[in-house]
Amino acid sequence: MSTPPVAVVGVGQTHHKSRRLDVSFGGLVREAVFRALDDAHMAMADIDAVVLGKAPDLFEGVMKPELYLSDALGAVGKPMFRVHTAGSVGGTTAIVAASHVQAGKHKTVLAVAFEKQSEGNAQFALGSGKGASLGAGGAFAPFIRAYIQRSGAPEHIGWKVAVKDRLNALKNPYAHLKIEDISIEKVKASPMMWEPIRFLESCPSSDGACAVVITDAAGANAAAADGRPPAWILSASSRSEPPSFPGRDPVRPAAALQCAADVYAAAGITDPRRQIDTAELYVPFSWLEPIWLEAFGLADEGEGWKLVDDGTTELGGSLPVNASGGVLSSNPIGASGLLRFAEAANQVRGAAGEHQVDGAKVAIGMAYGANNQYFSTWAVGSSLHPFG
Amino acid sequence: MTRFIESTITFPYKRSLGPVVGAFMTALTEKQILGIRCGDGVLVPPMEWDPATGAELPHEFVEVGPVGTVESWTWVPAPSEQHPLDHPFAFALVRLDGATTPLLHAVDAGTPESMAEGMRVAPRWRGSREGRIDDIICFVPGETAETEGEDTGGAAEPVTRMDYLASITYRNPVPEAADRATEASRDHRLLGLQCPTCARVYAGGRGLCPVDAIELGPECEVDLPHTGTITNFAIVTPVQYPGQTETEPFVRAFVLLDGTDVIIPYAAVIELPADQVRVGQRVDAVWASPAEATEEGGGMGGSWGSLLGWIPNGQPDLDDPDLVNRIF
Amino acid sequence: MSTPSTDIAVIGWAHTPMVRHTDKSETQLLMDAITDAIDPLGLTRADIDFTCLGSCDYITGQAFSFVSNLDAIGAWPPKRDSHVEMDGAWALYEAWLRLQEGDIEIAVVTGSGRSSTGDPALIYPMEMDPYFLAPLGADPLTFAALQARAVIAAGIADERSMAEVAVRSRGAGDVDTLLAEEYLRQPLRRHDVPPITDGAAAMVLATGDRARQLVERPAYITGFDHRTECHNPSFRALDDSPSTRIAAAAAGLGDAPVEVAELQAAFTHEELLLRRVLDLGAAVAVNPSGGALRDNPIMATGLCRIGFAADHIFAGGGRALAHSTSGPCLQQNLVCILEGRS
Chain S
1 MSTPPVAVVG
11 VGQTHHKSRR
21 LDVSFGGLVR
31 EAVFRALDDA
41 HMAMADIDAV
51 VLGKAPDLFE
61 GVMKPELYLS
71 DALGAVGKPM
81 FRVHTAGSVG
91 GTTAIVAASH
101 VQAGKHKTVL
111 AVAFEKQSEG
121 NAQFALGSGK
131 GASLGAGGAF
141 APFIRAYIQR
151 SGAPEHIGWK
161 VAVKDRLNAL
171 KNPYAHLKIE
181 DISIEKVKAS
191 PMMWEPIRFL
201 ESCPSSDGAC
211 AVVITDAAGA
221 NAAAADGRPP
231 AWILSASSRS
241 EPPSFPGRDP
251 VRPAAALQCA
261 ADVYAAAGIT
271 DPRRQIDTAE
281 LYVPFSWLEP
291 IWLEAFGLAD
301 EGEGWKLVDD
311 GTTELGGSLP
321 VNASGGVLSS
331 NPIGASGLLR
341 FAEAANQVRG
351 AAGEHQVDGA
361 KVAIGMAYGA
371 NNQYFSTWAV
381 GSSLHPFG
Chain X
1001 MTRFIESTIT
1011 FPYKRSLGPV
1021 VGAFMTALTE
1031 KQILGIRCGD
1041 GVLVPPMEWD
1051 PATGAELPHE
1061 FVEVGPVGTV
1071 ESWTWVPAPS
1081 EQHPLDHPFA
1091 FALVRLDGAT
1101 TPLLHAVDAG
1111 TPESMAEGMR
1121 VAPRWRGSRE
1131 GRIDDIICFV
1141 PGETAETEGE
1151 DTGGAAEPVT
1161 RMDYLASITY
1171 RNPVPEAADR
1181 ATEASRDHRL
1191 LGLQCPTCAR
1201 VYAGGRGLCP
1211 VDAIELGPEC
1221 EVDLPHTGTI
1231 TNFAIVTPVQ
1241 YPGQTETEPF
1251 VRAFVLLDGT
1261 DVIIPYAAVI
1271 ELPADQVRVG
1281 QRVDAVWASP
1291 AEATEEGGGM
1301 GGSWGSLLGW
1311 IPNGQPDLDD
1321 PDLVNRIF
Chain G
2001 MSTPSTDIAV
2011 IGWAHTPMVR
2021 HTDKSETQLL
2031 MDAITDAIDP
2041 LGLTRADIDF
2051 TCLGSCDYIT
2061 GQAFSFVSNL
2071 DAIGAWPPKR
2081 DSHVEMDGAW
2091 ALYEAWLRLQ
2101 EGDIEIAVVT
2111 GSGRSSTGDP
2121 ALIYPMEMDP
2131 YFLAPLGADP
2141 LTFAALQARA
2151 VIAAGIADER
2161 SMAEVAVRSR
2171 GAGDVDTLLA
2181 EEYLRQPLRR
2191 HDVPPITDGA
2201 AAMVLATGDR
2211 ARQLVERPAY
2221 ITGFDHRTEC
2231 HNPSFRALDD
2241 SPSTRIAAAA
2251 AGLGDAPVEV
2261 AELQAAFTHE
2271 ELLLRRVLDL
2281 GAAVAVNPSG
2291 GALRDNPIMA
2301 TGLCRIGFAA
2311 DHIFAGGGRA
2321 LAHSTSGPCL
2331 QQNLVCILEG
2341 RS
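Protein chains in written order, with our numbering: chain S, 1 to 388; chain X, 1001 to 1328; chain G, 2001 to 2342.
Extracted from the complex, chain S is given alone in its bound form (with noise of 0.2 angstroms):
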């Protein structure tokens, strides 16, 4: 890659609730911000630009709240920037945050998505207020059935990535749902919402925010000179599709595909399943895990779901993904993606505590939008050039 090498130097996120009454918006999103901030050893001072991101703005009623949040944020002064790109904003906004440091104009900048949607109601927003909204799997149940159909894979699969992701939630002390005792059994008795995902298979309605702190070589190097390893952010991608047209395939949508290549060979990954050691995936209903093990090349088209049966996603498997719960766990709409990147570099830093997968150097963070298509994805290593 020509541009020069930024990297994570700070990961700051709230502990996420279903309603988190505690707070006033500013104090919601300013929680992570200081977790950041203080985890890049840094004040407000120490950052140049925001960018913020997330969901739509009917989820609170606050239209363009980075205008408001703009003092709180500590960018009285500097540069604010506001992204929309429905689901996989939080994956963006790191992304446009990156590009920030990467263009020169800036060295660090601080990344920033949240959602307070306990103040709206999500179904209501999802369908802007009318009524028989799809809710937010609707639109997913028929990809799932599809990929089942092609696949052939068996039902439980499913419930298993369910129970994969909760149980991981329990070693994330911010994750939003902790269910101590779930079970493949658990997950099966629960109420089915849009056939075949049930309740325990689907995500909660979180208030949340993460941060990220993203700074230029210099400051990387500085960090890691204190012994605090940045994650070098090794390529990044957005793609786009269309919403619908004939010859649409959104099980194995065409953005993913694209958006992974782009990622990879920026990266000089040439064997993912190999080369990289977890991912955090945007799942936010268990079927997507497999769905996007195959659309990013980290299972063969149809064995997705094998990798699920056989273990090997689980924490103590060889391709860990969501080990910190996911979207599964936690899903503060607007930040959900955000914390995706933001889990997979603190992976690659050694600095996710219970939830770290040894050893890992090599992460990928993905996020995706709307019905399946928006893509955000970025590979984040312990080293610039981990491969050799």
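Calculated directly from the structure, the hints in this document are not laboratory data. Please note: incorrect hints may appear among the correct ones.
27 angstroms max Cα-Cα, derived DSSO-like pairs, lysine-lysine [to be verified]: (1) S/K188 with S/K306; (2) S/K17 with S/K188; (3) S/K361 with S/K107; (4) X/K1014 with S/K178; (5) S/K186 with S/K17; (6) S/K17 with X/K1014.
Label-pair ranges, simulated between beta-carbon atoms [what the hints assert, rightly or not]: (7) S/K186 with X/S1080: 47 to 55 angstroms; (8) G/D2176 with X/D1163: 46 to 54 angstroms; (9) X/T1247 with G/A2153: 53 to 61 angstroms; (10) X/G1280 with S/E185: 26 to 34 angstroms; (11) S/L21 with X/Q1276: 38 to 46 angstroms; (12) X/Q1276 with G/D2023: 40 to 48 angstroms; (13) S/E185 with X/S1007: 42 to 50 angstroms; (14) X/T1245 with S/L21: 28 to 36 angstroms; (15) X/T1169 with G/A2172: 31 to 39 angstroms; (16) S/L21 with G/G2281: 51 to 59 angstroms.
Note that this is a predicted model, so its numbers are computed, not measured. Every residue gets a Cβ at the ideal spot worked out from N, C-alpha and C, and that includes glycine.
Using the hints, position chains X and G against chain S.
For chains X and G alone, kept in the frame of chain S given last:
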């Protein structure tokens, strides 16, 4: 002649206030106005952070006012439905005694000639106070606070939440293609538009080809068959929210029209219970009678017009493993 | 840290007819604008490497409204693409950053909105402080009026010079006649406030060599910056625009004179304040396009300023400034400097 659709997005948001705004709102119910110390100054309205630097402010509250001085103002001759008063009033920046920043609020001065920079104003309190900025209905000229209505006193508990009803009405144009599809549906025609470049056909009043990014006009119209096969479906268990119309699990099916590549997505079904819908099931279109036909259409809604949905026609199911992939 | 390349240029742009009200949907407007921007360059949508759209759900009246705007791009095969919930001027900023990475050559950015769709007086309070201002229905006209008072009190403007701005911008009207009108929101009169305009704009950005292949005289972006201020107008000195000053300095305004300045001044007093803050002398032609006072297609207004500034360069001009703004009382400001080369 383009038709317009009016729609209103209304939602009762419920905000949590946090420790500073919460304290301010609680104090309002006690007919007290609080500012917060910020360096050498006293910020009104109080913020959790220093607006200049973003630094967290210690919770040093200072009671200010209730009387203040108008620093600047403007006259609102035709109030909107969101404004604090329904007759002409002034919006003013009022520097309450003891504050170093002004508070924006309404002043019920009667006429613009009664407004002046430097004039003194006092709050008109709402008798029944909830902990919202409009517990102060407005300010009035002079130094004597008033209370309108029976004074029910301060809040029993600290105020931590705030309601905000947002309601905006929009008028959006209905593209010609959508209207033509609706028109055709009155004659029980299912209209498609074929892209001259890629030959894809789009139904449901979609007047453009997203692949070639061109508009599709009436010359592209084709008639589509009324029989098809269910290729996939969603069974949605409804959740309650303001505006929700469903109470039971409902089906949205994908219908592949015979002899075409056109798929009607998220289609309503008729006389097809959720537990009986199958991939491969054969269905026919069901149309509203002229008496039933409404502006907004039937079960399908939007530009589907008189198309109410799809009903099983009793033909044997199509057995094709690839059907379920026909989603778009 | 390397500095951004100045070899990235605006090579063309287009806007839909600026009308009080259009029957076209936002997607249709965008489709037209994009086609009109790329056709004269001999480009097709397949040639576009990166797209970035600027639009606002609350203006359009639908969550995820930008998703249907994707249809206007022809994002198949899938495009590198992004979206900002901001004026297209900021979409241009994102594209400019992206092109710096050097792996792609052509970007198209858009700004779109149909302000006739809803009532700005009812929508814009929702962007204000949710606890203290939105519940009062504190609307943009009110904030503009309060800023106008401050600007007048500081001697930067008066009602007459404001009326002169209106006449100049719209190329019509008589100052004394205008001053005889009633106040709308004193000290603002109808002529001091922007029109409602439906419209969209699309702009093509290209890296150096490609730009030079495609057009005779690219408008190079030699400076580009934006800054924000604290939100609540109560906490700011309304007779100044410090973020504009900082952005302009960071964009290199001070390095050389500009011939033209296209300022997104939706209110007459804003133009006078911005002139003062940017220290634009009499030699600078301000808003030869008529500015936002003549046409105000929300979410595209700023992008259009950059477009008209680029037109000056295309026509042989040397250096131009474009400005865009967002938020109450000029809370956030963007400055873009364009230059031609001999």
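To see whether the hints hold, each was checked on the structure:
Pair hint S/K188 plus S/K306 holds up; C-alpha atoms about 19 angstroms apart against a cutoff of 27 angstroms. A distance of roughly 24 angstroms separates the Cα atoms of S/K17 and S/K188; the hinted pair therefore holds under the 27 angstroms criterion. Taken as a hint, the S/K361 and S/K107 pair is honoured in the structure, with Cα atoms around 25 angstroms apart against an allowance of 27 angstroms. For the hint pairing X/K1014 with S/K178, the CA-to-CA distance comes to about 26 angstroms; that is within 27 angstroms, so the pair holds.
For the suggested pair S/K186 and S/K17, the alpha carbons sit about 22 angstroms apart, so the restraint of at most 27 angstroms is met. Distance check on the hinted pair: S/K17 and X/K1014 sit about 16 angstroms apart at the alpha-carbon level, within 27 angstroms; holds. Separation of S/K186 from X/S1080 is about 52 angstroms and conforms to the stated range, judged on CB atoms against 47 to 55 angstroms. Between G/D2176 and X/D1163 the CB atoms are about 49 angstroms apart, so this pair conforms to the stated range of 46 to 54 angstroms.
Checking the proposed 53 to 61 angstroms range against X/T1247 and G/A2153 shows it holds: the Cβ atoms sit about 60 angstroms from each other. As the Cβ distance of X/G1280 to S/E185 is approximately 32 angstroms, the hint placing it in 26 to 34 angstroms holds. One distance hint, 38 to 46 angstroms for the beta-carbon pair S/L21 and X/Q1276, holds here, with the actual separation near 43 angstroms. Checked against the hint of 40 to 48 angstroms, the C-beta distance between X/Q1276 and G/D2023 comes to roughly 44 angstroms, which is consistent with it.
One distance hint, 42 to 50 angstroms for the beta-carbon pair S/E185 and X/S1007, holds here, with the actual separation near 45 angstroms. One distance hint, 28 to 36 angstroms for the beta-carbon pair X/T1245 and S/L21, holds here, with the actual separation near 30 angstroms. X/T1169 and G/A2172 have their C-beta atoms about 32 angstroms apart, which keeps the hinted 31 to 39 angstroms range intact. For the hinted restraint 51 to 59 angstroms between S/L21 and G/G2281, the CB-CB distance of approximately 55 angstroms keeps it satisfied.
Going through the hint list in order, the structure satisfies each hint without exception.
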